[in-house]
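Please work from the sequences and hints to get the whole structure.
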Amino acid sequence: MSKILGIDLGTTNSAMAIVEVGQPRILENKEGMRTTPSVVAVGKNGERYVGVTAKRQAVTNPANTIYSMKRLIGRRFSDAEVQKDKKMLPYELRAGSHDDIEIKMGDKWLKPAEVSAMVLQKLKADAEDRLGEKITDAIITVPAYFDDSQRKATKDAGEIAGLNVKRVINEPTAAALAYGYGKPRRQGVGGPTEASAKKDEKIVVYDFGGGTFDVSVLEIGDDTIEVRGTGGDTHLGGDDIDQRIIEYFIEEYKKEHGVDISKDQLAVQRLKDAAEKAKHELSSTIQTEVSIPFISADASGAKHFSLVFTRAKLEELVKDLVDKSVQLTKKTLDESGFKIGDINEVIMVGGQTRMPLIVEEVKKLFGKDPHKDINPDEVVALGAAVQGGIMQGEIRDVLLLDVTPLSLGIETLGQVFTKMIDKNTTVPVSKSQIFSTAADNQPSVEIHVLQGERAMAHDNKTLGRFILDGIPPAPRGIPQVEVSFDIDANGILNVKAKDKATGKEQSVKIEGSSGLTEDEKKRMMADAEKHATEDAKKKELIETRNLGEALIYTSEKMVKENDAKIKEEDKKELNEKIEALRNTLKSESGEEIKKVTEELSKVAQRIGGELYKQQPAPSGAEGTPPPQEPKAEEQKTEEPKKNS
Amino acid sequence: MDEPQKQSIEETPTEATTEQEQRPSEERGSTEASRPNVEEYLNNWKRERADFLNYKKEEARRIEEFVKYANEDLVLEMIELVDDLEIVAKEVPDVGLEHVVKRFSDLFKKYGVERIKVDGQFNPALHEAVDTEQGGSKMVEVRAGYIMQDKVIRPARVKIVK
Chain G
1 MSKILGIDLG TTNSAMAIVE VGQPRILENK EGMRTTPSVV AVGKNGERYV
51 GVTAKRQAVT NPANTIYSMK RLIGRRFSDA EVQKDKKMLP YELRAGSHDD
101 IEIKMGDKWL KPAEVSAMVL QKLKADAEDR LGEKITDAII TVPAYFDDSQ
151 RKATKDAGEI AGLNVKRVIN EPTAAALAYG YGKPRRQGVG GPTEASAKKD
201 EKIVVYDFGG GTFDVSVLEI GDDTIEVRGT GGDTHLGGDD IDQRIIEYFI
251 EEYKKEHGVD ISKDQLAVQR LKDAAEKAKH ELSSTIQTEV SIPFISADAS
301 GAKHFSLVFT RAKLEELVKD LVDKSVQLTK KTLDESGFKI GDINEVIMVG
351 GQTRMPLIVE EVKKLFGKDP HKDINPDEVV ALGAAVQGGI MQGEIRDVLL
401 LDVTPLSLGI ETLGQVFTKM IDKNTTVPVS KSQIFSTAAD NQPSVEIHVL
451 QGERAMAHDN KTLGRFILDG IPPAPRGIPQ VEVSFDIDAN GILNVKAKDK
501 ATGKEQSVKI EGSSGLTEDE KKRMMADAEK HATEDAKKKE LIETRNLGEA
551 LIYTSEKMVK ENDAKIKEED KKELNEKIEA LRNTLKSESG EEIKKVTEEL
601 SKVAQRIGGE LYKQQPAPSG AEGTPPPQEP KAEEQKTEEP KKNS
Chain C
1 MDEPQKQSIE ETPTEATTEQ EQRPSEERGS TEASRPNVEE YLNNWKRERA
51 DFLNYKKEEA RRIEEFVKYA NEDLVLEMIE LVDDLEIVAK EVPDVGLEHV
101 VKRFSDLFKK YGVERIKVDG QFNPALHEAV DTEQGGSKMV EVRAGYIMQD
151 KVIRPARVKI VK
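Residue numbers (the numbering used here), protein chains in the order written: chain G, 1 to 644; chain C, 1 to 162.
Keep in mind the hints are simulated off the structure, nothing from the lab.
The reader is advised that the hints may include incorrect statements.
Label pairs and their in silico Cβ distance ranges [stated by the list, open to error]: (1) G:Gly-470 / C:Lys-56: 37 to 43 angstroms; (2) C:Arg-62 / G:Pro-472: 47 to 53 angstroms; (3) C:Phe-66 / G:Ser-291: 30 to 36 angstroms; (4) G:Ala-526 / C:Arg-62: 30 to 36 angstroms; (5) G:Lys-557 / C:Lys-110: 50 to 56 angstroms; (6) C:Phe-66 / G:Lys-500: 48 to 54 angstroms; (7) C:Glu-98 / G:Lys-255: 32 to 38 angstroms; (8) G:Ile-340 / C:Ile-63: 42 to 48 angstroms; (9) G:Lys-255 / C:Leu-107: 55 to 61 angstroms.
With a cut-off of at most 30 angstroms between alpha-carbon atoms, the simulated DSBU-like pairs for lysine-lysine come out as follows [as the list claims (entries may be wrong)]: (10) C:Lys-159 / G:Lys-44; (11) G:Lys-255 / C:Lys-90; (12) G:Lys-613 / G:Lys-602; (13) C:Lys-102 / G:Lys-272.
Since the model is a prediction, treat every value here as computed from it, not as a measurement.
Yeah, the Cβ is synthetic: ideal placement off N, Cα and C, and Gly gets one too.
Written out as structure tokens, the structure is:
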């Protein structure tokens, strides 16, 4: 059964995705890019260009380079929108016999669907190339406000391209699907794990793309997603923001150098590149330096453009555009009959939604964080693929796999929480690790099973405890206790501890290990995030102490076993360093402990080296090895059993 | 035509599912019915296993491609610096900057990054036109383009002149 290709056929750019092993993923085109410009051209010699090659030759051939077909597809020539757009397009349009639109490309007159089909054809061919298999079926997305004629024309475009268009779905619906809304509910012991919305939930999809702004209000039904309202501005997008930045740069340059470079095409092109780059950088930094050497020249010599561009300035330049999008959102909400408080979730679509100001304004408006984890340029194509996957049964409730919502592990030396199974691991799953003892001749180990995300054991939830005893006497760190965590398909956790020397084992079965409520899970994860830095510091301090203790142990052992061979002054020095470290271990300063540990280590290594030199010619097992830095696994030692 | 405002997510069942649903319910209780279920479970398991193995192969291929182009972002950033160096070298000759530019060029070659030639015919697979003179056919480089391994990571920006 061939895959169903999910296609986001955009005004400026298109993208495609498929579902693989139940997960949607974007397919790169032949040029290795994840999006394809929705541009088609015919050259002087009749050669056809589609995608990025069409875009690159646009300046040399504007009359035969066709873009923004989405503004024309399925519309009538006499439509007010078409007449408005016609003024801005460099290629020729005319009315066909039924007031439909015809576009001049080369010496042919084509329907918008035929031109769009060329983009779809390229996507199909590139997908087949990537996957090594034929693609026949597709899901294509359209704006929610598209009427029947526009939807039919889009479907026709797919069919002209050789695709069997299984369905034409709304872009906001696709975005919601990509985030897991509206999918068949997963049945697992832990309950729904992805963001599958409850019935009657209301979702707003805020789509701020390159050339258009669309906002939609969706309502989730049993197995439907209903569009309750749409709005936006077909001529408001990221391109307008870029234009504002370029105008600002030109203005600043004029102020500084008295030169207007707006007519210098090549200079403007360099400013455009710099503007786009600065805009991207300001999504993650507060300011950026824009530097363009030798941008122009006059009688006095070469001139350079240099400016510190701040996020605050960028926001000032475009505030009115963002405010406009917010007003349009409010209007659409009103018209859909809902209030702000009715909205349960907000989804961000379109590259421009990466801008912090936009995220902030949307959050302010709805009083909640919008969903923006999925690449906003790709989310619609991914959602289209999800719809295809659902139709094919790749995403269904026949074989449901859950994930463990929080990490599982045990308590180890120093009351540290050592993870055995990370959160969001798909179950069933088994993980094992070898641990050892913390003290010489320790006869048993206590396995304290915990769940949570905090670094310290006592901050997490106890699921169970048990003791494995009968460990033969041995120096600390020598016994090997294998601890295994196994979660079965029913979500039941089995924890087992086995002494590898004796084969003795003990175990505990914990049912409903994710028997936490959603609120509890969220609280625990939020706590972990809030305390992440201090938890990391605590854990580091404990690990530093553990290393120090291990070094004291090995150093004392070295002295005990080689008493006669070590010089008195060396023994004295070593004991002094051991004592100093023992005292410093009580300190709360990790740096201090590390420093004193290093001092002991130097002395111990020197003495150990001298012991080696005293050995006869190498014979294998003779002699005591110099004390090593405690190995990583030695950190993971069990607390000594408290009651023997 | 798909109803625009309300769209159902669940689709018409596939053949396999339809067969399953058509099986009469009274069969499900019998011992005979458990065998088809076992068949189905085994097939689903095989399919899942096959999907996983295919995914592993695909993942290996993706990693190979990732490694091939792992430095692409870094190279693109460096190329911008080289752009500026070349401009300065051209505007202020005789300060030895051309040697620095040459060293970058050698470094790029070492990592499979080659400069795109700007000669012959305009080729949108390699070149991006930013300006054109009426009747022009000759290319003048405005900004260098580069190919990394076999991928055009930045097309050469050109002006078409007479």
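Evaluated hints:
Between Gly-470 of chain G and Lys-56 of chain C the Cβ separation comes to about 42 angstroms, which falls inside the hinted range of 37 to 43 angstroms. At roughly 49 angstroms, the beta carbons of Arg-62 of chain C and Pro-472 of chain G sit within the given window of 47 to 53 angstroms. Between Phe-66 of chain C and Ser-291 of chain G, the C-beta spacing of about 31 angstroms keeps the proposed range 30 to 36 angstroms intact. Our hint of 30 to 36 angstroms for Ala-526 of chain G and Arg-62 of chain C holds, since their Cβ atoms are close to 34 angstroms apart.
For Lys-557 of chain G and Lys-110 of chain C, the hinted distance range of 50 to 56 angstroms is satisfied, since their beta carbons lie about 52 angstroms from each other. The hinted range of 48 to 54 angstroms is not satisfied by Phe-66 of chain C and Lys-500 of chain G, whose Cβ atoms lie roughly 39 angstroms apart. Restraint check, Glu-98 of chain C to Lys-255 of chain G: a C-beta distance of roughly 34 angstroms satisfies the suggested window 32 to 38 angstroms. A hinted range of 42 to 48 angstroms holds for the C-beta pair Ile-340 of chain G and Ile-63 of chain C, which are about 46 angstroms apart.
Taking 55 to 61 angstroms as the suggested C-beta distance range, the pair Lys-255 of chain G and Leu-107 of chain C does not conform, at roughly 39 angstroms. For the hint pairing Lys-159 of chain C with Lys-44 of chain G, the CA-to-CA distance comes to about 17 angstroms; that is within 30 angstroms, so the pair holds. For the given pair, Lys-255 of chain G sits about 27 angstroms from Lys-90 of chain C by alpha-carbon distance, which is consistent with the 30 angstroms threshold. For a cut-off of 30 angstroms, the pair hint linking Lys-613 of chain G to Lys-602 of chain G stands: about 17 angstroms separates their Cα positions.
About 28 angstroms separates the Cα atoms of Lys-102 of chain C and Lys-272 of chain G, which keeps this hinted pair within 30 angstroms; it holds.
Of the numbered hints given earlier, the model fails hints 6 and 9; all others are met.
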